[in-house]
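**Q** Residue numbers (numbering that gives the first Met the number 0), protein chains in the order written: chain A, 0 to 246; chain B, 0 to 223; chain C, 0 to 638.
Note that these hints are calculated values from the structure, not bench results.
Each hint should be verified, as a subset may be incorrect.
In silico lysine-lysine, BS3-like type, Cα no more than 27 angstroms apart, as pairs [unchecked claim]: (1) A:3 / B:87; (2) B:90 / A:89; (3) C:534 / A:41; (4) A:28 / C:391; (5) C:383 / A:5.
Non-contacting residues of chain A with respect to chain C, defined by C-beta distances greater than 12 angstroms in every case (computed) [stated by the list, open to error]: (6) 4; (7) 5; (8) 71; (9) 91; (10) 93; (11) 195; (12) 208; (13) 209; (14) 237.
Beta carbons: idealized from backbone N, C-alpha and C, even for Gly.
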Amino acid sequence: MEFKLKIWRQKNARSQGAFVEYFISGVSKEMSFLEMLDYLNKTLIESGDNPVAFEHDCREGICGSCSLYINGRPHGPDDLIATCELRMTKFKSGDTIIVEPWRAKSFPVLRDLIVDRYAFDKIMQAGGFISVNSGAAPEANSIPVSREVADEAFDAAICIGCGACVAACKNSSAMLFVAAKVSQLALLPQGKPEAEKRARAMVAKMDELGFGSCSNTGACEAECPKGISLAHIARLNREFLLAVFKT
Amino acid sequence: MSSFINTSIGKKFLISITGLFLISFLAVHLTGNLFLLAGQESFNLVAHFMATDRVISFMEPLLAVGFLLHIVFTAYLTITNQFKRPQKFAKVDHRQTSSWPSQNMFVLGGLIFIFLVLHLSNFWYQMQFGEMDYILYGDIWVQDAYSLVTGKFIIWWYVLIYVAGAVFLGLHLLHGFKSAFFSLGLYNKVWGGRLMLIGAIYSIIITVGFSLIPVYFLIGHLTG
Amino acid sequence: MGKLQSKIPDGPLEDKWNNHKNSVRLVSPANKNNLDIIVVGTGLSGASAASTLGELGYNVKSFCFQDSPRRAHSVAAQGGINAAKNYKNDGDSVFRLFKDIIKGGDYRAREAYVYRAAQVSNQSIDQLVAAGVPFAREYSGYLDNRSFGGVQVSRTFYASGQTGQQCLLGAYSGLTRQIARGRVKMYARREMLELVVVEGKARGIITRNLVTGEMERHSAHAVVLATGGYGTIYYLSTLAVGSNASAAWAAHRKGAFFANPSFVQIHPTSIPQLNDFQAKLTLMSESLRNDGRIWVPKKKGDKRHPVNIKEEERDYYLERRYPAFGNLVPRDVASRAAKERCDAGYGVGDTGLSVYLDFSHAIEKHGKEAIKSKYENLFEMYEKITGNSPYKEPMRIYPAGHYTMGGLWVDYNLMTTIPGLFAIGESNFSDHGANRLGAGSLMQCAGDGYFILPVTIGDYLADEIKTARISKDIPEFEQAEKAAKEKLQSLMAINGKQTVNSFHRRLGRIMWDMCGMVRNEKGLKKALKMISDLKEEFLKDVRIPGAINEINQELERAVRVADFFDLGQLMVHDALSREESCGAHFREESQTAEGEAKRIDSRYSYVALWEYQGEGNKHSLHKEELVFENVEVQERSYK
Numbered sequence: 000m001e002f003k004l005k006i007w008r009q010k011n012a013r014s015q016g017a018f019v020e021y022f023i024s025g026v027s028k029e030m031s032f033l034e035m036l037d038y039l040n041k042t043l044i045e046s047g048d049n050p051v052a053f054e055h056d057c058r059e060g061i062c063g064s065c066s067l068y069i070n071g072r073p074h075g076p077d078d079l080i081a082t083c084e085l086r087m088t089k090f091k092s093g094d095t096i097i098v099e100p101w102r103a104k105s106f107p108v109l110r111d112l113i114v115d116r117y118a119f120d121k122i123m124q125a126g127g128f129i130s131v132n133s134g135a136a137p138e139a140n141s142i143p144v145s146r147e148v149a150d151e152a153f154d155a156a157i158c159i160g161c162g163a164c165v166a167a168c169k170n171s172s173a174m175l176f177v178a179a180k181v182s183q184l185a186l187l188p189q190g191k192p193e194a195e196k197r198a199r200a201m202v203a204k205m206d207e208l209g210f211g212s213c214s215n216t217g218a219c220e221a222e223c224p225k226g227i228s229l230a231h232i233a234r235l236n237r238e239f240l241l242a243v244f245k246t
Numbered sequence: 000m001s002s003f004i005n006t007s008i009g010k011k012f013l014i015s016i017t018g019l020f021l022i023s024f025l026a027v028h029l030t031g032n033l034f035l036l037a038g039q040e041s042f043n044l045v046a047h048f049m050a051t052d053r054v055i056s057f058m059e060p061l062l063a064v065g066f067l068l069h070i071v072f073t074a075y076l077t078i079t080n081q082f083k084r085p086q087k088f089a090k091v092d093h094r095q096t097s098s099w100p101s102q103n104m105f106v107l108g109g110l111i112f113i114f115l116v117l118h119l120s121n122f123w124y125q126m127q128f129g130e131m132d133y134i135l136y137g138d139i140w141v142q143d144a145y146s147l148v149t150g151k152f153i154i155w156w157y158v159l160i161y162v163a164g165a166v167f168l169g170l171h172l173l174h175g176f177k178s179a180f181f182s183l184g185l186y187n188k189v190w191g192g193r194l195m196l197i198g199a200i201y202s203i204i205i206t207v208g209f210s211l212i213p214v215y216f217l218i219g220h221l222t223g
Numbered sequence: 000m001g002k003l004q005s006k007i008p009d010g011p012l013e014d015k016w017n018n019h020k021n022s023v024r025l026v027s028p029a030n031k032n033n034l035d036i037i038v039v040g041t042g043l044s045g046a047s048a049a050s051t052l053g054e055l056g057y058n059v060k061s062f063c064f065q066d067s068p069r070r071a072h073s074v075a076a077q078g079g080i081n082a083a084k085n086y087k088n089d090g091d092s093v094f095r096l097f098k099d100i101i102k103g104g105d106y107r108a109r110e111a112y113v114y115r116a117a118q119v120s121n122q123s124i125d126q127l128v129a130a131g132v133p134f135a136r137e138y139s140g141y142l143d144n145r146s147f148g149g150v151q152v153s154r155t156f157y158a159s160g161q162t163g164q165q166c167l168l169g170a171y172s173g174l175t176r177q178i179a180r181g182r183v184k185m186y187a188r189r190e191m192l193e194l195v196v197v198e199g200k201a202r203g204i205i206t207r208n209l210v211t212g213e214m215e216r217h218s219a220h221a222v223v224l225a226t227g228g229y230g231t232i233y234y235l236s237t238l239a240v241g242s243n244a245s246a247a248w249a250a251h252r253k254g255a256f257f258a259n260p261s262f263v264q265i266h267p268t269s270i271p272q273l274n275d276f277q278a279k280l281t282l283m284s285e286s287l288r289n290d291g292r293i294w295v296p297k298k299k300g301d302k303r304h305p306v307n308i309k310e311e312e313r314d315y316y317l318e319r320r321y322p323a324f325g326n327l328v329p330r331d332v333a334s335r336a337a338k339e340r341c342d343a344g345y346g347v348g349d350t351g352l353s354v355y356l357d358f359s360h361a362i363e364k365h366g367k368e369a370i371k372s373k374y375e376n377l378f379e380m381y382e383k384i385t386g387n388s389p390y391k392e393p394m395r396i397y398p399a400g401h402y403t404m405g406g407l408w409v410d411y412n413l414m415t416t417i418p419g420l421f422a423i424g425e426s427n428f429s430d431h432g433a434n435r436l437g438a439g440s441l442m443q444c445a446g447d448g449y450f451i452l453p454v455t456i457g458d459y460l461a462d463e464i465k466t467a468r469i470s471k472d473i474p475e476f477e478q479a480e481k482a483a484k485e486k487l488q489s490l491m492a493i494n495g496k497q498t499v500n501s502f503h504r505r506l507g508r509i510m511w512d513m514c515g516m517v518r519n520e521k522g523l524k525k526a527l528k529m530i531s532d533l534k535e536e537f538l539k540d541v542r543i544p545g546a547i548n549e550i551n552q553e554l555e556r557a558v559r560v561a562d563f564f565d566l567g568q569l570m571v572h573d574a575l576s577r578e579e580s581c582g583a584h585f586r587e588e589s590q591t592a593e594g595e596a597k598r599i600d601s602r603y604s605y606v607a608l609w610e611y612q613g614e615g616n617k618h619s620l621h622k623e624e625l626v627f628e629n630v631e632v633q634e635r636s637y638k
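Just chain A, with the same shape it has in the complex:
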């Protein structure tokens, strides 16, 4: 297979980036998209160029490092996957493939396709936890949690923090990310005592860090590698509004 690649190249956070075109041939259909980029990088290095910088680590869709915006879609033209799970069989030989970094004010580009997502950590620091010290926990089975609730909490908890929701959103909103954590911890009895405080703090931090507001378009849900439901955003809204109106 062969492709024309238009890849965003940017030296560092301060410099201006631009698309650079590459032609690549000899791509096998068994490659993953990232292996295709590895292959491109090999040829770039051997010909004296700088390789394309992109983030990746576990390469099995769970660490959330990979973050490429491919042909207009976060994580490329397939559903329920991270970029590392995208296979070249999703493309036709001869295609032009446009590869961009996540673009958002809160995710500044550091180099080529690498962006800084530390804003997500800052949102978590605002309240994405249950305040229990090590050793202070009660016996695990002392608080039964119905299976339905545990499963729903799990469905929110599987967020990998990749940022595809922000990239997918026309407003660069981080609502799905925030909602996943708020919802998970609000559902579980352990997280209830701090639920309202948590919702307020995390939303305030999200706003402060320059993420946009939610338009409920559903693009985030559709592009989320883990298929986290918009219902969690509704729960976040509810938690937040309850918190506000109670005080």
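Assemble chains B and C onto chain A, guided by the hints.
**A** Just chains B and C now, kept in the frame of chain A:
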């Protein structure tokens, strides 16, 4: 309260509340308009009732405020959201992930706003400040709103504009209806599908209802 | 041997940990505020340790090379986390868990450590549940357990197939809380290059800021390494691509002994290599072997499509060789048997490095729906990656490097041979002997980080309360920074022709072929030579584009691979010196007539500790004899 309005969810709350208010107004408006199909006297009496009823008169300025807040806050959020992504994506493909109306609510809202200005100047302004004919029903003189309306709806491009307005409104509601419930947190897995369905049905009723009237009079004019 | 005091407390096995907790010295709250601790790595052990130390009032600095602490590779653990809660009332107990781990490790782990790990396992579950980890539950609302890895009780807590992710995120959330409180300062995108030792004590680290390329000095009263395993030495493994041994290796070069480096667990069922550019192997759950039959063609190099190969032309080699256990032989046996067939030229696929795992008989017997209900997820994942449906044709599988039981030697306080340097989680060697049981790694990480290290580190720091904040402007820091800089500069200066990955791939192949599932003296000796030749070639011909003072992923890789050459050599030395087979370490010279692993307790019942003796010099070997007082040492047999 000001800190609440300063948050993104706070603004969405106001947009939702005002949106739902406007949605309920549309139902009243459509019901009134449907009396056009019942004939001149019925409609004129309904219009007269609307113009003189205390509750309706009380709601009128509220409606104006509702519109204003809805527009101001959406405009504010839409414009500020533009700055959340200083460098745009070179290619965006939303086709498979979200509906066209949901991605274009502000555009639809803008088109509806233009339509609204036209609509208000045609009818509302005319009835408030213009020269109107009066008809005597029983012992009260009533504005002949019927003739004003039907007089416009025999012009084909007027009808076209009104049908377009109704379609824009329907598309706006298609996303807006369920989105309002979403933003208020009134959504879960059970009600998600139902809300979508109710919203879709409501949008269709509004679009068809508001389109039906001008088309009815145009066809009547052309064939009669 | 003065350094090698394992500090195992006296008393009966079950009282040792409590006795120790009661006797370790404490640091008062006021003094904790004056003590700095560095924690390198933010996996389950690192994150739980950093947050707990922060809660206690120490000043903690936490480091990770990823962009966020949440991405550490604990995130990829699938199956579960063991604890001796006995919720199933099936006779489980701390002692049974302890015994299973000792036996699973083929009697090459220390009793006292393993017993303690089993003891704190229950607390870890309590802690993780309280932190919001949504473990699977029964309809009653109580926690569910499943059985795992052939043990006779159900003691594994799980969250679907993402237990590691959920446990890690639980620990990570605790870490973020301490960051918000200001007790932990987080340094993401930092790679530790050097350990700073002052007057014999670990006092700090040198890191490279992976965004700016700057060298940074960080000082502390104690340094904790939670840097994970080194399975990526095989290039292709189930590990994250970025996992590496460089921090542990830097510590080793400064005097921390490396224990049992050759003990590496190879997992039998991963999706095989599909192309030459593959960067990583994906695990397929071992449970598939319950219904799948493993075979290769009887004819060498048979390239026909598997469904066209007739029944009588197939070699169901596991059933042939192990009629009693068939396809359900233990991990190491299954892995070795697959390798044997492929090496002999019977492997399938383009590369010839895979075997078939066939479900056609099971589908015929139980129906497609029954098989689908059991394995739908896995079949879908397989089809997504390979494009082939296991319903229609056999899966192709091959073993893959997975977990390193070896690591930095630590005493009962989890302190290495360098005073003030601690190692926790997979980066130490302590709990799993020569083979780890399923769902044991999360158990160890949580125990080390939440409950063991925070107690034992106090014993060391109690002596440090009078030590002022460590200055970074002392010669030791200067020298360490200089050494790190020079290392990077010399790598950049090579300016050769070949990529770092091409060397890594070749190194991985050597390690895999000669120091992987099966080892023999001839191969190991050959490997020593090949590794040293490859290292020489690397130092002459590697090409690292770009500069030091910018994001440079090739440079990051080069540093890691450079250390892998040295670690690889040490692994080979270790494998050479242990002329027995035990657990995952299989020496061809030491096998029974039936080809089973033969342990030689009379000569090798020890932990092998390797001491660094300077660049280019041979490591020296120390032995810590293993004593078994509470379990009967038995032979592992599958007959």
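**Q** All the hints need checking, so say for each whether the structure fits it.
**A** Verification of the supplied hints:
1. A:3 / B:87: holds (21 angstroms)
2. B:90 / A:89: Within the cut-off at roughly 18 angstroms; holds.
3. C:534 / A:41: holds (20 angstroms)
4. A:28 / C:391: Given pair residue 28 (chain A), residue 391 (chain C) holds - Cα atoms ~20 angstroms apart, limit 27 angstroms.
5. C:383 / A:5: Distance of about 26 angstroms is within 27 angstroms: holds.
6. 4: Fine: 15 angstroms to the nearest Cβ keeps residue 4 (chain A) off the interface.
7. 5: holds (21 angstroms)
8. 71: Non-interface label stands for residue 71 (chain A): nearest chain C Cβ at 21 angstroms, farther than 12 angstroms.
9. 91: holds (15 angstroms)
10. 93: holds (19 angstroms)
11. 195: Holds, because the least Cβ-Cβ distance between residue 195 (chain A) and chain C comes to about 16 angstroms, which exceeds 12 angstroms.
12. 208: The claim holds: residue 208 (chain A) sits with its nearest Cβ about 14 angstroms from chain C, beyond 12 angstroms.
13. 209: holds (18 angstroms)
14. 237: holds (19 angstroms)
Checked against the numbered hints above, the structure violates none of them.
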